[in-house]
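Protein chains: 2
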Amino acid sequence: MKWNASSSVRLSTEFVHGKCTDFHLSGLDFFITEIPREVFTYSEEEPMQFAEARADVYPYLLVNIGSGVSMVKVSGPRQYERVGGTSLGGGTFWGILSLLTGARTFDEMLKMAEAGDNSGVDMLVGDIYGTGYSKIGLKSTTIASTFGKVFKMKRVAERNAEDGEGLSHADSEDDAELAGFRVEDMSRSLLFAISNNIGQIAYLQSEKHALQHIYFGGSFIRGHTQTMNTLSYAIKFWSKGEKQAYFLRHEGYLGAVGAFLKRQPKNWGRRNSLEDAGFQRVATSREQVNASTNKAEP
Amino acid sequence: MKWNASSSVRLSTEFVHGKCTDFHLSGLDFFITEIPREVFTYSEEEPMQFAEARADVYPYLLVNIGSGVSMVKVSGPRQYERVGGTSLGGGTFWGILSLLTGARTFDEMLKMAEAGDNSGVDMLVGDIYGTGYSKIGLKSTTIASTFGKVFKMKRVAERNAEDGEGLSHADSEDDAELAGFRVEDMSRSLLFAISNNIGQIAYLQSEKHALQHIYFGGSFIRGHTQTMNTLSYAIKFWSKGEKQAYFLRHEGYLGAVGAFLKRQPKNWGRRNSLEDAGFQRVATSREQVNASTNKAEP
Numbered sequence: 034m035k036w037n038a039s040s041s042v043r044l045s046t047e048f049v050h051g052k053c054t055d056f057h058l059s060g061l062d063f064f065i066t067e068i069p070r071e072v073f074t075y076s077e078e079e080p081m082q083f084a085e086a087r088a089d090v091y092p093y094l095l096v097n098i099g100s101g102v103s104m105v106k107v108s109g110p111r112q113y114e115r116v117g118g119t120s121l122g123g124g125t126f127w128g129i130l131s132l133l134t135g136a137r138t139f140d141e142m143l144k145m146a147e148a149g150d151n152s153g154v155d156m157l158v159g160d161i162y163g164t165g166y167s168k169i170g171l172k173s174t175t176i177a178s179t180f181g182k183v184f185k186m187k188r189v190a191e192r193n194a195e196d197g198e199g200l201s202h203a204d205s206e207d208d209a210e211l212a213g214f215r216v217e218d219m220s221r222s223l224l225f226a227i228s229n230n231i232g233q234i235a236y237l238q239s240e241k242h243a244l245q246h247i248y249f250g251g252s253f254i255r256g257h258t259q260t261m262n263t264l265s266y267a268i269k270f271w272s273k274g275e276k277q278a279y280f281l282r283h284e285g286y287l288g289a290v291g292a293f294l295k296r297q298p299k300n301w302g303r304r305n306s307l308e309d310a311g312f313q314r315v316a317t318s319r320e321q322v323n324a325s326t327n328k329a330e331p
Numbered sequence: 034m035k036w037n038a039s040s041s042v043r044l045s046t047e048f049v050h051g052k053c054t055d056f057h058l059s060g061l062d063f064f065i066t067e068i069p070r071e072v073f074t075y076s077e078e079e080p081m082q083f084a085e086a087r088a089d090v091y092p093y094l095l096v097n098i099g100s101g102v103s104m105v106k107v108s109g110p111r112q113y114e115r116v117g118g119t120s121l122g123g124g125t126f127w128g129i130l131s132l133l134t135g136a137r138t139f140d141e142m143l144k145m146a147e148a149g150d151n152s153g154v155d156m157l158v159g160d161i162y163g164t165g166y167s168k169i170g171l172k173s174t175t176i177a178s179t180f181g182k183v184f185k186m187k188r189v190a191e192r193n194a195e196d197g198e199g200l201s202h203a204d205s206e207d208d209a210e211l212a213g214f215r216v217e218d219m220s221r222s223l224l225f226a227i228s229n230n231i232g233q234i235a236y237l238q239s240e241k242h243a244l245q246h247i248y249f250g251g252s253f254i255r256g257h258t259q260t261m262n263t264l265s266y267a268i269k270f271w272s273k274g275e276k277q278a279y280f281l282r283h284e285g286y287l288g289a290v291g292a293f294l295k296r297q298p299k300n301w302g303r304r305n306s307l308e309d310a311g312f313q314r315v316a317t318s319r320e321q322v323n324a325s326t327n328k329a330e331p
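Same order as they appear, the protein sequences are chains E and S. Using our numbering, the first residue of the first sequence is number 34, and each one after it goes up by one. Using our numbering, the first residue of the second sequence is number 34, and each one after it goes up by one.
Careful: at least some of the hints might be erroneous.
Note that identical chains are pooled: a pair holds if it fits in a single copy or bridges any two copies.
Derived pair list, reagent style BS3-like, types lysine-lysine, alpha-carbon separation capped at 25 Å [claimed, not checked]: (1) K273 <-> K172; (2) K241 <-> K185; (3) K269 <-> K241; (4) K241 <-> K273.
These are calculated hints, taken from the structure and not from any lab test.
Please model the entire structure based on the sequences and the hints provided.
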């Protein structure tokens, strides 16, 4: 899947911009409530477990990860409020990695991340204690400091150089190579850091606003299993298993479907356009659709 | 001020490790409650405004920013719990910048940040809309995506190169230079991103645990005005002006003073060692000290 310039900019624009959000949210409501096998949870052990469609969809938290991240509290049809977000999103991943690794596409970066081991650049709890620190619930593999090992290892390399045992650090040389850092490890570290961070903030926002369900969407996610896995892990970890991350199969079509639902031609399909119906809500469940007297179908 | 290898590692170790945290917290309690002109708030407009010493210090949130970040809820003397943290801390700032810019010391990086303009690499709300987006409370200078402009500008550079109008992108060339990104701008961007992010998470944790006061400490902060300014801004922004970030003048001495208070030689100074006193609390205010019958002074 390509990280497309125009689409990533468009997405973040759409999600900060109210009018477009209407489209997305109408589309999202439609998918969540009416399409079977649409909403799913994800983990490495249990990839893509479909969730039951729910009629009582509101309120929920929508986390859209484009170049930046927007978190939107959705209280009802056309009732939403941007409650937060973070500037650490897909653009940060792309920007830093393109400068560090020379990679050119999002695909390339994810492929590197897949082949990487974040412990090559991250300082883990185990690096500090030699073991986990169970008293406060930290596993030895918990990341204590993203890219924190760069500091430590550069010092070692420099000390060795001073002692005449290692390579010298002339300015013209490639520092990353010298200190032995792999671009794959950097990619994985940054993917983990950004996904974990979004997961934690999303969880905390959902707590603050008393929202049980958290849906993730946006170009940073679209089907990327590592990203979904990390986001899911973060939500489970921070909520102590009480909340889950939800994803949507047709996430890429929210805007288009929402726009269609709002402005569909008269007498097209079995429901009226949302625009015609004014602020009338698109039926909130399959049952309501079936029971609707609004059908234009024969 | 130098970012010292051993101290940064030591700090993060201390704050994940319970025993050492005891020292820090004893020291922190002592400074907060007993030392005048110790706790202060900071902003560019009003640098270093001292806060009144308070007797009702508990509960509070302590945010320690070393190579990683720990957030500790302190409910009383020796009563604390690690409620959260983030791996995006001082080690991340140092690690990424040392790889991107070749800078070797924390000082060097902060100096670059001071001379930088984050809009050189960050995508701002104004870059997307051409103006602020007041409907949802975003200023035009709000950072939409950290390093998000790298993506956009690299695309432009590549398009120009394809059209024969710009520089070519041979792999051996310095990409950062080619695309026109300044190391100063990168440094400022990363300083903002990390401080903002910690500020937001600290605010959300303080909300979740109903803590009114947030104290910041650790080697990432120690007196650095840009960092304090960004953290303060983040707390004010997210709390809509209801909370403030507090800093300590003698923050670097918490551990030492706490250790001394706990294990001071018998009959040294006007109070007994905390260790001798068992779990007895160090007097919580100057008044209590003055009223104390425990004085060893003549």
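Hint check results:
no.: 1; hint: K273 <-> K172; verdict: within (14 Å within a copy, 35 Å between copies)
no.: 2; hint: K241 <-> K185; verdict: neither (37 Å within a copy, 34 Å between copies)
no.: 3; hint: K269 <-> K241; verdict: both (17 Å within a copy, 17 Å between copies)
no.: 4; hint: K241 <-> K273; verdict: both (16 Å within a copy, 14 Å between copies)
In the structure shown, a violation is registered for the earlier hint numbered 2 alone.
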